[in-house]
Amino acid sequence: MKNGTVAKDRPVLSLSKVSKRFGGVVAANEVTFDLYAGEVFGLIGPNGAGKTTLINLITGVTPADEGEITLQGRNITQLPTHTRAKLGIVRTFQHPRILDRCDVYTNLAVGADLAGRRRVSSRNGREDRLEQLLDLAGLTEINLNDSIDKLSYGQQKLLEVVRAMLSQPLVLLLDEPAAGLNRAEMDHVVKLIKLATQENIAVLLIEHAMDLVMNNCHRVTVLNFGQQIATGTPEEVQSDPEVIRAYLGGAAHAAR
Amino acid sequence: MERAYRRLDPKRVVFTALLLAVCLSIPRLTDSYMLRVFNIAWITCLCVLSNYVLLGMCGQNSFAQAGLWGVGAYITANVVMKLGWPPLLALLLAGLGTGLLAFVLGFAFFRLRHYYFTFASVGLMTILNGLFMNWTPFTGGALGISNVPSFSLGSFVVNTEEANYFFIFLIFVIAYLLIKKLYHSPLGRSFMAIRDNEMAANCLGINSLLTKSIAFGITGILCGVAGALYAFLAGYLSYQTFTYQQSTMYLIMVMLGGTSAPSGAVIGTMIISLLQEWVRPLQNYMQFFYGLGIVLLMIVQPEGILGGGRSLYEKWHSRKRPASTVAK
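Chains A and B, in that order, are what the protein sequence lines are.
For the first sequence, the numbering used here begins at 1 and goes up steadily by one.
For the second sequence, the numbering used here begins at 1001 and goes up steadily by one.
No lab work stands behind these hints, which were simulated from the structure alone.
Hints should not be assumed to be uniformly reliable.
[Claimed, not checked] Which residues of chain A face chain B? A partial, calculated answer using Cβ under 8 Å:
1. TYR36
2. THR59
3. ASP65
4. GLN72
5. ARG74
6. LEU79
7. LYS86
8. ARG101
9. ARG119
10. SER167
11. LEU170
12. GLU242
13. ARG245
Think of the CB as a built atom: it goes at the ideal place given N, C-alpha and C, for glycine as much as any other residue.
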């Protein structure tokens, strides 16, 4: 499943001792990791572990209390959300944030518009690009003129991934892309992730579906109460006693 | 990414041509009093179109439109009468000047979140009206400015009601087409992204503050141009024209027509402008009827006439073609 070659020379995105507290709750405690081009990096942990907070910190939706976030060597910790997006950090949301009064076309075009603002429209210039993405997402049957609420929940989530891919990001942050999806739709998520790695995008994947994480991630980090308790290959993490105790329990074995 | 399926629908072309023919023959069909009503209505359309851009596309509600309309009118009068510059230049300066003013103010106001922008716009409207009344060197104060010359370009003077009609209608059509174009542009889409989901918009690289300010700037341009046209047409400017009530009226017009397409703004404006004339005997009760009408409209048809028409159309079509195919 995984694509073997990951350029390990220089990380695209680096988090160094990034911390965030909400009152007395530590949502992220000195979180540190590197993300490489063409890599799928899994972020797992129990509910409330601080996974979505971490995506919010990377995108700048929530400002970090401490630590440093760098994109291609550039410190972006203080930059606003829209600037980070323009630099190539694009995300999806746990509950799809679609433009609910717009048609399907507009919902997709805002992604391509970001590529335009980033001046990287080489791939989107290809006529079959949108077709390719919609095909991988299993959305070829939808009418681009339809209003977005004609799409099912799963289709909206997939559409959000397509929208993100159209922006041709450097870093793609996927917040539980498979949650609430049926088996077939999950396969489409996997296809889109694979295309992202082929296109050298660094993917950060938050997911509870363990088989999806274990089969598709090159490396995984486990978060518990904002604390990284283990980082490594899926195999290493699965056999880590602390991870099993804190999160996986029987799930890891069920996934095998 | 291009919209591949955009084709010229023959039905649409015929409909547009018919509509255009009707609009162009209005001067032949009406007396000069009604023609003045239509002229004011097309000018009003520009202000209400600005409501479509700001509220309909960008989701931001402003009560300052009539104030911006006044700014455009007073700029025009001053440029033409005090500086003696050509009317065309005055028209452009009114648009750009008012647009710039709105953009800069928007940059300050949109730092306020949620509906506080609307509060700020109410304040702006009040301040502008106060300025119109008291800043005598620029606005003529309570006496206003009289004898603003008509629009002219070289030896071509727009001084009859009929000539004004075609001139104003031409400007309206240009503005309307530009707004249609805006709707299909990345800027227009960024307005709609902010309206529908501001956080998602930010995460797609859209700068909320800048984008909303641009939307307010476009509002300023439209109202400024409308103000210039009004100054040329009426020839007399009074602070009593550019009031908070007028802004409210623009809002009622766009609510009545619907905010989902620019045509809603035109439909709403035309209905209310013409209604005002037809029910003149009942004028004392008009405010009451507007209020009641809006309350009923929001209950029965919150998306305005346009929304009602669309759902009727869809209902009729689905009856004609049952089981239309939706994805999967």
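Results for each hint:
Evaluation of the TYR36 of chain A hint against chain B yields a violated restraint, the C-beta minimum of about 22 Å exceeding 8 Å. At its closest, the beta carbon of THR59 of chain A sits 6 Å from a beta carbon of chain B; the interface hint therefore holds under the 8 Å criterion. Hint status for ASP65 of chain A: violated, given a least beta-carbon distance of 20 Å to chain B, over 8 Å. Here the hint on GLN72 of chain A is broken, as its CB sits about 17 Å from the closest CB of chain B, past 8 Å.
Using the Cβ-Cβ criterion of 8 Å, the hint placing ARG74 of chain A at the interface with chain B is not satisfied: the shortest such distance is roughly 16 Å. Given the 8 Å rule on beta carbons, the hint for LEU79 of chain A is violated: about 12 Å separates it from the nearest Cβ of chain B. A least Cβ separation of about 4 Å between LYS86 of chain A and chain B falls short of the 8 Å threshold, and the interface hint therefore holds. Interface restraint check for ARG101 of chain A: the shortest CB-CB distance to chain B comes to about 5 Å, inside 8 Å, so the restraint holds.
Taken as an interface hint, ARG119 of chain A does not check out: its beta carbon lies about 12 Å from the nearest beta carbon of chain B, beyond 8 Å. This hint holds: SER167 of chain A has a C-beta 7 Å from the nearest C-beta of chain B, less than the 8 Å allowed. Interface hint at LEU170 of chain A: violated, since its Cβ lies 13 Å from the closest Cβ of chain B, which is beyond the 8 Å cut-off. Given the 8 Å rule on beta carbons, the hint for GLU242 of chain A is violated: about 33 Å separates it from the nearest Cβ of chain B.
Checking ARG245 of chain A against chain B by beta carbon gives a least distance of about 35 Å; that is not within 8 Å, so the hint is violated.
The structure is inconsistent with the numbered hints 1, 3, 4, 5, 6, 9, 11, 12, 13, although it conforms to all the rest.
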